Amino acid sequence: AARLGARLEAGLTDLVGRGLAEIRVRGLWAGLDIDPSLMTGREMSEALLQRGLLAKDTHGATIRLAPPIVATEEDIDLIVSTVRDILEERGTA
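Numbers given in the numbering used here equal positions in the sequence shown, counted from 1, plus 21.
For the record, the hints were derived by calculation from the structure and aren't laboratory data.
Errors might be hidden in some of the hints.
What the hints assert, rightly or not - Calculated cross-link-like contacts (lysine to any residue; reagent style SDA-like; alpha-carbon spacing at most 20 Å):
no.	residue 1	residue 2
1	K77	L36
2	K77	A92
3	K77	P89
4	K77	G26
5	K77	G48
6	K77	W50
7	K77	L49
8	K77	R45
9	K77	E30
10	K77	R47
11	K77	R105
12	K77	E64
13	K77	R63
14	K77	D96
15	K77	L59
16	K77	M60
17	K77	E67
18	K77	A87
19	K77	T61
20	K77	G52
21	K77	L99
22	K77	D54
23	K77	V46
24	K77	P57
Stated by the list, open to error - Restraint ranges, calculated between C-beta atoms of paired labels, are given here:
no.	residue 1	residue 2	range
25	I90	R45	14 to 24 Å
26	E43	S102	11 to 21 Å
27	S58	I90	29 to 39 Å
28	R72	D35	17 to 27 Å
29	E64	G38	17 to 27 Å
30	A23	E43	17 to 27 Å
31	V91	A31	19 to 29 Å
32	R24	P57	30 to 40 Å
33	G112	A22	26 to 36 Å
34	E110	A23	29 to 39 Å
35	K77	E110	16 to 26 Å
36	R111	R45	19 to 29 Å
37	S58	V91	32 to 42 Å
Fair warning: this is a prediction, and the values are worked out from it, not measured in the lab.
Positions of the beta carbon are idealized from the N, C-alpha and C atoms, including for glycine.
Could you build all of it, start to finish, from the sequences and the hints given here?
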């Protein structure tokens, strides 16, 4: 989990300032603060769901990601690339 968490954090860190305002990662748990001028947390979680990924919107522009402990590097890369794609569609990343 630590290795995959580091991979998740590295991928999401690249998106800070490009649609993400801040990230917090502990193991495989991640909290993402989305730039509120782009979308709400609910809009991001719905966009992720439309692409087959689950996320929980929590407070305004914040979502929580919690990939399963059996996640692979490919799963983590898919999460990061999907978040990036959604932000790019909004004209940021």
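Going down the list of hints, with the structure as the test:
| no. | hint | verdict |
| --- | --- | --- |
| 1 | K77 - L36 | holds, 19 Å |
| 2 | K77 - A92 | holds, 18 Å |
| 3 | K77 - P89 | holds, 14 Å |
| 4 | K77 - G26 | holds, 18 Å |
| 5 | K77 - G48 | holds, 17 Å |
| 6 | K77 - W50 | holds, 11 Å |
| 7 | K77 - L49 | holds, 14 Å |
| 8 | K77 - R45 | holds, 14 Å |
| 9 | K77 - E30 | holds, 18 Å |
| 10 | K77 - R47 | holds, 16 Å |
| 11 | K77 - R105 | holds, 17 Å |
| 12 | K77 - E64 | holds, 11 Å |
| 13 | K77 - R63 | holds, 8 Å |
| 14 | K77 - D96 | holds, 17 Å |
| 15 | K77 - L59 | holds, 17 Å |
| 16 | K77 - M60 | holds, 14 Å |
| 17 | K77 - E67 | holds, 9 Å |
| 18 | K77 - A87 | holds, 9 Å |
| 19 | K77 - T61 | holds, 12 Å |
| 20 | K77 - G52 | holds, 10 Å |
| 21 | K77 - L99 | holds, 17 Å |
| 22 | K77 - D54 | holds, 12 Å |
| 23 | K77 - V46 | holds, 15 Å |
| 24 | K77 - P57 | holds, 16 Å |
| 25 | I90 - R45: 14 to 24 Å | holds, 19 Å |
| 26 | E43 - S102: 11 to 21 Å | holds, 20 Å |
| 27 | S58 - I90: 29 to 39 Å | holds, 35 Å |
| 28 | R72 - D35: 17 to 27 Å | holds, 19 Å |
| 29 | E64 - G38: 17 to 27 Å | holds, 19 Å |
| 30 | A23 - E43: 17 to 27 Å | holds, 21 Å |
| 31 | V91 - A31: 19 to 29 Å | holds, 20 Å |
| 32 | R24 - P57: 30 to 40 Å | holds, 32 Å |
| 33 | G112 - A22: 26 to 36 Å | holds, 34 Å |
| 34 | E110 - A23: 29 to 39 Å | holds, 32 Å |
| 35 | K77 - E110: 16 to 26 Å | holds, 21 Å |
| 36 | R111 - R45: 19 to 29 Å | holds, 21 Å |
| 37 | S58 - V91: 32 to 42 Å | holds, 36 Å |
When the structure is compared with the earlier hints, no violation turns up for any of them.
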